[in-house]
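Novice: What follows is each chain in one-letter form.
2 protein chains.
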Amino acid sequence: MIIDCHGHYTTAPEPLNVWRKQQTDALKAPTLSPAKGGVTISDDQIRDSLENAQLKLQRARGTDVTIFSPRASAMAHHIGDATTSLHWTEHCNDLIHRVCELHPDNFVGVCQLPQTPGVSPANCVAELERCVRGMGFIGCNLNPDPSGGHWTAPPLTDRFWYPLYEKMVELDVPAMVHVSASCNANFHTTGAHYINADTTAFMQFITGDLFKDFPALRFIIPHGGGAAPYHWGRYRGLAQDLKRPLLADLIRSNIFFDTCVYHQAGIDLLLRIVPAENVLFGSEMVGAVRGIDPETGHYFDDTKRYVDAATSIGEAEKRKVFEGNVRRVFPRINARLAAADVRSVRL
Amino acid sequence: MIIDCHGHYTTAPEPLNVWRKQQTDALKAPTLSPAKGGVTISDDQIRDSLENAQLKLQRARGTDVTIFSPRASAMAHHIGDATTSLHWTEHCNDLIHRVCELHPDNFVGVCQLPQTPGVSPANCVAELERCVRGMGFIGCNLNPDPSGGHWTAPPLTDRFWYPLYEKMVELDVPAMVHVSASCNANFHTTGAHYINADTTAFMQFITGDLFKDFPALRFIIPHGGGAAPYHWGRYRGLAQDLKRPLLADLIRSNIFFDTCVYHQAGIDLLLRIVPAENVLFGSEMVGAVRGIDPETGHYFDDTKRYVDAATSIGEAEKRKVFEGNVRRVFPRINARLAAADVRSVRL
Numbered sequence: 001m002i003i004d005c006h007g008h009y010t011t012a013p014e015p016l017n018v019w020r021k022q023q024t025d026a027l028k029a030p031t032l033s034p035a036k037g038g039v040t041i042s043d044d045q046i047r048d049s050l051e052n053a054q055l056k057l058q059r060a061r062g063t064d065v066t067i068f069s070p071r072a073s074a075m076a077h078h079i080g081d082a083t084t085s086l087h088w089t090e091h092c093n094d095l096i097h098r099v100c101e102l103h104p105d106n107f108v109g110v111c112q113l114p115q116t117p118g119v120s121p122a123n124c125v126a127e128l129e130r131c132v133r134g135m136g137f138i139g140c141n142l143n144p145d146p147s148g149g150h151w152t153a154p155p156l157t158d159r160f161w162y163p164l165y166e167k168m169v170e171l172d173v174p175a176m177v178h179v180s181a182s183c184n185a186n187f188h189t190t191g192a193h194y195i196n197a198d199t200t201a202f203m204q205f206i207t208g209d210l211f212k213d214f215p216a217l218r219f220i221i222p223h224g225g226g227a228a229p230y231h232w233g234r235y236r237g238l239a240q241d242l243k244r245p246l247l248a249d250l251i252r253s254n255i256f257f258d259t260c261v262y263h264q265a266g267i268d269l270l271l272r273i274v275p276a277e278n279v280l281f282g283s284e285m286v287g288a289v290r291g292i293d294p295e296t297g298h299y300f301d302d303t304k305r306y307v308d309a310a311t312s313i314g315e316a317e318k319r320k321v322f323e324g325n326v327r328r329v330f331p332r333i334n335a336r337l338a339a340a341d342v343r344s345v346r347l
Numbered sequence: 001m002i003i004d005c006h007g008h009y010t011t012a013p014e015p016l017n018v019w020r021k022q023q024t025d026a027l028k029a030p031t032l033s034p035a036k037g038g039v040t041i042s043d044d045q046i047r048d049s050l051e052n053a054q055l056k057l058q059r060a061r062g063t064d065v066t067i068f069s070p071r072a073s074a075m076a077h078h079i080g081d082a083t084t085s086l087h088w089t090e091h092c093n094d095l096i097h098r099v100c101e102l103h104p105d106n107f108v109g110v111c112q113l114p115q116t117p118g119v120s121p122a123n124c125v126a127e128l129e130r131c132v133r134g135m136g137f138i139g140c141n142l143n144p145d146p147s148g149g150h151w152t153a154p155p156l157t158d159r160f161w162y163p164l165y166e167k168m169v170e171l172d173v174p175a176m177v178h179v180s181a182s183c184n185a186n187f188h189t190t191g192a193h194y195i196n197a198d199t200t201a202f203m204q205f206i207t208g209d210l211f212k213d214f215p216a217l218r219f220i221i222p223h224g225g226g227a228a229p230y231h232w233g234r235y236r237g238l239a240q241d242l243k244r245p246l247l248a249d250l251i252r253s254n255i256f257f258d259t260c261v262y263h264q265a266g267i268d269l270l271l272r273i274v275p276a277e278n279v280l281f282g283s284e285m286v287g288a289v290r291g292i293d294p295e296t297g298h299y300f301d302d303t304k305r306y307v308d309a310a311t312s313i314g315e316a317e318k319r320k321v322f323e324g325n326v327r328r329v330f331p332r333i334n335a336r337l338a339a340a341d342v343r344s345v346r347l
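Sequence order for the protein chains is A and B. With my numbering applied, the first sequence corresponds to residues 1 to 347, in that order. With my numbering applied, the second sequence corresponds to residues 1 to 347, in that order.
If you are wondering where the hints come from, they were derived from the structure by calculation, not from laboratory data. Just so it is clear, CB atoms sit at the ideal spot from N, CA and C, and this is done for glycine as well.
Every beta carbon over 10 Å from chain A, so not counted as near; a handful from chain B, in silico:
{"hint": "1", "residue": "M1"}
{"hint": "2", "residue": "H87"}
{"hint": "3", "residue": "A216"}
{"hint": "4", "residue": "L250"}
Not everything, but these chain A residues come out facing chain B in the computed CB check (under 10 Å):
{"hint": "5", "residue": "F187"}
{"hint": "6", "residue": "H193"}
{"hint": "7", "residue": "A227"}
{"hint": "8", "residue": "I273"}
DMTMM-like mimics (lysine to aspartate or glutamate), calculated; alpha carbons at most 25 Å apart, straight line:
{"hint": "9", "chain 1": "A", "residue 1": "K243", "chain 2": "B", "residue 2": "D293"}
{"hint": "10", "chain 1": "A", "residue 1": "K318", "chain 2": "A", "residue 2": "E277"}
{"hint": "11", "chain 1": "B", "residue 1": "K243", "chain 2": "A", "residue 2": "E295"}
Could you put together the complete structure from these sequences and hints?
Specialist: Okay, here's the thing in structure tokens:
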């Protein structure tokens with residue numbers, strides 16, 4: 001089985017965007033109430049939105065299941081206040097739940113969190129619990145910079161985040177560290193802000209003692225770990241100068257990188273440098289890069305091809321990357337996939 | 001000849017730091033005047049500060065000349081006002097000039113700029129001219145984020161920066177894009193802020209039309225280009241989606257990466273992916289990482305070893321990386337080295 005740990009619902013039906021536009025318009029006209037209201041989307045609209053996108057690409061690329069979350073760039077936690085964020089988040093997560101119910105063999109849910117700049121992440125605990133216990137989600141996306149490129153929150157190793165971490169450990173769900181759209185003109189969203197956030201989080205984890213306090217806490221750093229594997233010598237050297245643990249020990253049970261690196265040389269480096277146990281297959285499909293690489297004739301984000309072609313690890317390790325590690329990092333996926341199996345046997 | 005394009009005077013004699021402390025202390029006590037004053041350092045102090053550091057390492061590693069600039073993390077453009085920045089910058093650059101006069105075979109100068117958040121880079125033109133025309137410097141370090149981690153300046157492609165670019169083109173000197181210390185708790189200075197700035201600048205250059213306005217403008221993106229080479233497929237794909245030029249065309253005459261990547265796999269990727277014409281040898285020595293890699297027994301930042309061992313490019317291309325490209329990107333180095341040659345022949 002091949003499990004893609006990183007997919008977003010970037011093709012959600014238009015009524016979701018219409019609702020969001022109304023919500024953000026209402027912020028400019030304070031006479032309108034911030035009612036949550038409803039988003040009317042039919043099952044067929046959901047099926048249509050996936051059929052020629054994620055489902056078609058799963059079939060074409062030979063992947064089985066995608067761990068699926070709301071569109072990351074649209075989380076935009078910097079817009080409005082905590083109520084704005086909560087209403088938007090609930091609608092987005094509800095829609096992911098419907099996707100997973102309609103296609104239980106193809107998608108398993110990961111939730112957006114109702115973060116807001118300056119508001120304690122304790123405010124996210126109820127929604128995480130609703131998604132995991134109530135809707136069978138298996139993880140969350142955690143935005144280390146809810147300000148959208150101004151970086152006003154404390155580092156991820158700060159106690160500010162602990163209320164959320166306590167709930168994550170209790171529920172046994174990991175977080176993917178994932179920023180949203182940048183509203184800072186310096187940072188292109190998918191070309192700079194995403195990658196910088198990955199690099200930033202990794203260095204925060206090196207310098208902090210977070211995993212002493214939470215030995216069972218797990219993070220996926222997406223986009224191949226930002227710059228970390230390319231600069232692995234720099235990070236090993238900095239860790240040594242700072243009298244921190246060896247990187248292999250630091251990451252072992254707590255930090256994982258996905259394979260969202262869109263060329264062979266990058267994946268080759270990742271798999272040559274990072275222990276295979278800490279790499280999870282991911283493609284970010286349909287995501288940041290949509291085109292076909294003229295140098296290969298294949299989609300840039302068809303990362304399975306690069307992993308298949310990599311020679312630095314063998315088949316047993318590749319099976320870990322494609323499936324085993326994902327099941328270990330997202331343990332709740334096992335029950336979901338077993339239930340889907342039972343359901344398809346019954347059909 | 002082997003020219004290291006990236007060295008900072010991180011071992012400057014203590015009186016420089018004492019002067020800086022007095023200056024920053026005076027900012028807290030407004031009754032003290034912001035006089036520039038003097039920094040008293042003897043030639044022997046300068047020689048001593050280099051002998052067991054940069055000079056010893058040059059000899060041990062078999063490199064010849066270092067393009068040398070003030071300590072990057074100490075530029076701290078966010079401290080004080082434009083006068084603070086100017087006085088500090090002048091002292092730092094004067095000291096680099098003395099280093100280059102004392103060791104003309106070993107060092108060629110690159111200057112710090114008197115940047116200040118919110119102040120036009122036009123304010124840097126006089127100091128650049130003083131350093132280049134008056135003291136034989138061959139380039140400058142340009143901080144894309146004078147705020148020190150808050151990223152409040154416009155992108156490097158904005159007209160805000162054009163007055164400086166006009167002078168750089170007139171003087172035929174490049175800039176290394178180099179941030180300074182981070183005063184944002186999210187960003188470790190050398191482990192996150194430096195690398196993020198490199199990645200950020202690269203994506204700014206992809207999305208902007210700067211080199212249409214300044215075809216002769218040249219930037220070195222240090223630390224191996226941040227995350228860019230590792231994510232080269234992502235950047236090629238984003239450029240394609242955004243209908244921007246091919247990366248190879250975009251960077252050809254304008255953007256160069258150094259080799260400050262501290263492990264073999266990283267350098268192998270860099271030299272496999274980026275055209276050899278766009279890579280300049282650099283080590284950042286003595287810099288961000290000071291230790292010896294227990295996996296190799298050699299200094300992490302002894303990047304010459306990695307380039308020597310790389311197999312994806314041949315000897316002719318390595319000569320470009322070690323010397324030819326540096327002479328092309330920093331053309332004023334040729335006269336400096338010729339003068340040093342004449343001087344050593346006379347001796």
